[in-house]
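J.: Residue numbers (this note's numbering), protein chains in the order written: chain A, 1 to 242; chain B, 1001 to 1193.
Everything labelled a hint here was simulated from the structure, so no lab data went into it. Mixed in with the good hints there might be a few duds.
Said to hold, decoys possible - Below, a list of computed lysine to any residue pairs in the SDA-like style, where the Cα atoms sit at most 20 Å apart: (1) K1061(B) / E192(A); (2) K189(A) / V1043(B); (3) K1061(B) / M183(A); (4) K1180(B) / M183(A); (5) K1061(B) / M1028(B); (6) K174(A) / V1043(B); (7) K1004(B) / P134(A); (8) K1109(B) / T1057(B); (9) K1008(B) / V1043(B); (10) K174(A) / S1181(B); (11) K189(A) / T200(A); (12) K1109(B) / K1008(B).
Everything numeric in this text was worked out from a predicted model, so none of it was measured.
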Amino acid sequence: MNNPYDFKVEKNSALPLDPRTKILLTLTISSVLIAGGHGGIMNIARLCLASIPFVCFLWDRRFCAALIYPATYIILFVGEIALLPHMHGILGNLCLSVVAIFSHMLPGFIMGYFLISSTTVSEFVASMERMHIPQQIIIPVSVMFRFFPTVGEETAAINDAMRMRGIMFGNPMKMLEYRLVPMLMCSVKIGEELSAAALTRGLGSPVKRTNICEIGFGIPDIFAVLICALGFAAFLLTRMTI
Amino acid sequence: MNNKLQVKDFINVGIFTVIYIVIFYACMMLGYVPIFIVLLPIVCSVVCGIPFMLYLTKVKKFGMVTLTGLICGLLMMVMGSGLMVLAFGVVFGLAGDLILKAGKYNGLKHTILGYGVFSLWLMGFVSRMFLTREVFFESLVSGYGQEYVDTLSSYTPTWVFPALFAVTFISGVVGAFLGKSVLRKHFAKAGIV
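Turn these sequences into a full structure, and let the hints steer you where they fit.
T.: So, in structure tokens, the structure goes:
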């Protein structure tokens, strides 16, 4: 780095993974686990891929998440394998499909959560610019990146307020009016403030944006890419033989 | 100058796409039982009419709805719903955008029609079940068991696919009317629209 001021860039995560690698990992985990089958090599591949978020959390010293996630996943995974031969009838089908869907989707979701929570918007934008993605996509997606947690917080706050007033779950039309409408209102307000803030900080300016994030591939990235390649290979292999 | 998308528009796209997807996922969770997967487009497109109508009050330029479709498709693809979703998102986003453009982004009739067409992108989720039927069901057998697959395939004969298109379109129109009335009742009063 030929940085004359020797900035110490504050990092959001202890894990030295490039945001692009995290995106690739999320893509691999969710697509292989959801679309891939079971049995043989796939069982190993599934477990390997599903343990990636666990490793990430450990590395990032987020032990709480690192504990809850594998516990949930193991219960679901064992449940799926143990239940599959014994489930019959409509009720059995329902139980089975709920368990199966969650065990297929959980790792992808968790990885997506990790991606969002461990990457700053600035890092994310920088890595998207490195990939030469057009501005038309970068700006909305980075806004989304920033905005997902906000919507969650607002929804939780509205839920609290509604519980205080004694408005519970029930009539779906009422649900729409009492929860959706306030959520939309504050989202619109926050969105207007957000865009004003972004414009004052020069998001729309015609000059090229610079930043001080250190983006680049390192040794952990190579490992991660290798794992992704192996996962896809296992996926294609089972597809061929079926 | 006026017709090109500005940064403010891109930010609006981002914000409303987030709201759309959050509500969309909430609906999906409410009915997340795969046997009802064919009903999902109906529920989703009715409820999502509310945020979308609000979104359309901010849309005045060509391309915003297309971008929303594209981003929804990308996100769903990353979530593992297959390539089809992306294609459907782009195609129906573009089609909805064209209809809205024809109404200069404020005609009531065009707005409702445009949302109806846009909500057809949801068909990307079920299209895998119909267009590549054998492959899709075979991939399910190992994960869910033969019995489940049989149930699912007996619920979804091939003629359901075009019927679903029609049903989704109609529920999109219903959702648009719902959204318009909510807009009138709440947002106009609060001075947001």
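J.: Decide, hint by hint, whether the structure agrees.
T.: To see whether the hints hold, each was checked on the structure:
no. : hint                : verdict
1   : K1061(B) / E192(A)  : 18 Å, holds
2   : K189(A) / V1043(B)  : 27 Å, violated
3   : K1061(B) / M183(A)  : 25 Å, violated
4   : K1180(B) / M183(A)  : 17 Å, holds
5   : K1061(B) / M1028(B) : 30 Å, violated
6   : K174(A) / V1043(B)  : 16 Å, holds
7   : K1004(B) / P134(A)  : 15 Å, holds
8   : K1109(B) / T1057(B) : 14 Å, holds
9   : K1008(B) / V1043(B) : 31 Å, violated
10  : K174(A) / S1181(B)  : 14 Å, holds
11  : K189(A) / T200(A)   : 17 Å, holds
12  : K1109(B) / K1008(B) : 26 Å, violated
Violation of the numbered hints given earlier is confined to hints 2, 3, 5, 9 and 12; the remaining hints are satisfied by the structure.
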